[in-house]
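J.: Chain V is fixed; fit chain P onto it per the hints.
Just so you know, the sequences run in chain order V and P. The first sequence lines up with residues 1 to 133 when you count with this note's numbering. The second sequence lines up with residues 1 to 112 when you count with this note's numbering.
Hints in this document: simulated from the structure, not taken from any laboratory. One or more hints might be untrue.
Cut-off 30 Å, straight-line C-alpha distance, at most; resulting in silico cross-link-like pairs (DSSO-like, lysine-lysine) [said to hold, decoys possible]:
1. Lys133/V / Lys107/P
2. Lys104/P / Lys133/V
3. Lys67/V / Lys19/V
4. Lys102/P / Lys133/V
Chain V side only, calculated, beta carbon under 7 Å to chain P, not exhaustive [claimed, not checked]:
5. Gly110
6. Ala113
7. Met124
8. Leu129
9. Gly132
Glycine included, each C-beta is placed from N, C-alpha and C at the ideal position.
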Amino acid sequence: MGIFNDFKISGSGMYAYRKWMDALSDNIANINTINPYDQAAFQERFVQVQSADVAGSGGGVAVTSVKYGNGEGRLRFDPTNPDANDQGYVRSPDMDLSDQMTNLILAQRGYQANASAVERARSMYEAALNLGK
Amino acid sequence: MTDPIQAAIQYSLHGLSDRQHTTSNNIANIQTPGYLAQQTDFETSLRQALGGGQSVALDPTHLTSTAETNTNGNNVNLDNETMTAIDTELRYQAMVDAMNTKFKMLKSAIGS
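One chain only, chain V, in its complex shape (with noise of 0.2 Å):
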């Protein structure tokens, strides 16, 4: 038990939940990425977290990798464009904007929530410091 662990594990769900919204960045700027038919679809970024012992604290979330979705993607028809195949399908990536602003909602909220244990934890040490004051 080292001082001021609170810090450590909100701290990492912080991390978690921005490495999720980097994520999550990532799929929105590649929503219309348009691959050629013979090369893969842009994949989903997923991030997967699980329950840690964070630097010793006792607790915290790590994030233990990151998986790609579906790079077969979803076929397009679109004769014009240059990338298209003697059928006049391209790839399109295998995901949904809403799916995606749903989750950086999610992910939003999430790191506000640690962000406001950061400041509950920081006034409790800051009560504990004027113990015989």
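T.: Same frame as chain V, but now just chain P:
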């Protein structure tokens, strides 16, 4: 040497700090698949220690929440955690004030 009231306040501070730790951990894992919310209980052992004549190990215990889980196997409830965190913070502040009052009494007794 140990003043029982002072010891009780000290243990409360310890227990409340442990509870805030648990709450932070629950909030950090608010969407972690399969994570079950934890709770800290120090009041039970404190009550036993204050009430009974026997010696009691003063150590906060941790319980796992049995609330229903979401589809991802997680049962952290942000409303509960936020309320617990605010409640714990205020109680902690009150305990610090109580301890400081105790110290002030001691100070005036030794005449400084």
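J.: Would you mind marking each hint as holding or not holding in the structure?
T.: Structure-based check of each hint:
A threshold of 30 Å between alpha carbons decides the hint, and for lysine 133/V with lysine 107/P the separation of about 11 Å falls inside it, so the pair holds. Under the criterion of a C-alpha separation no larger than 30 Å, the hint pairing lysine 104/P with lysine 133/V is consistent with the structure, at around 9 Å. A hinted pair counts as satisfied when its Cα atoms are at most 30 Å apart, and lysine 67/V with lysine 19/V qualifies at roughly 12 Å. Proximity of lysine 102/P to lysine 133/V is assessed by CA-CA distance (about 11 Å); at most 30 Å being required, the pair is judged to hold.
Taken as an interface hint, glycine 110/V checks out: its beta carbon lies about 6 Å from the nearest beta carbon of chain P, inside 7 Å. The beta carbon of alanine 113/V comes within 5 Å of a beta carbon in chain P, closer than 7 Å, and the hint placing it at the interface holds. With 7 Å as the threshold, the beta carbon of methionine 124/V comes within range of chain P, its nearest partner Cβ sitting at about 5 Å, so the hint holds. About 9 Å separates the beta-carbon of leucine 129/V from the nearest beta-carbon of chain P, more than 7 Å, and the hint is not met.
Of the supplied interface hints, the one on glycine 132/V holds, with its beta-carbon coming within about 6 Å of a beta-carbon of chain P, less than 7 Å.
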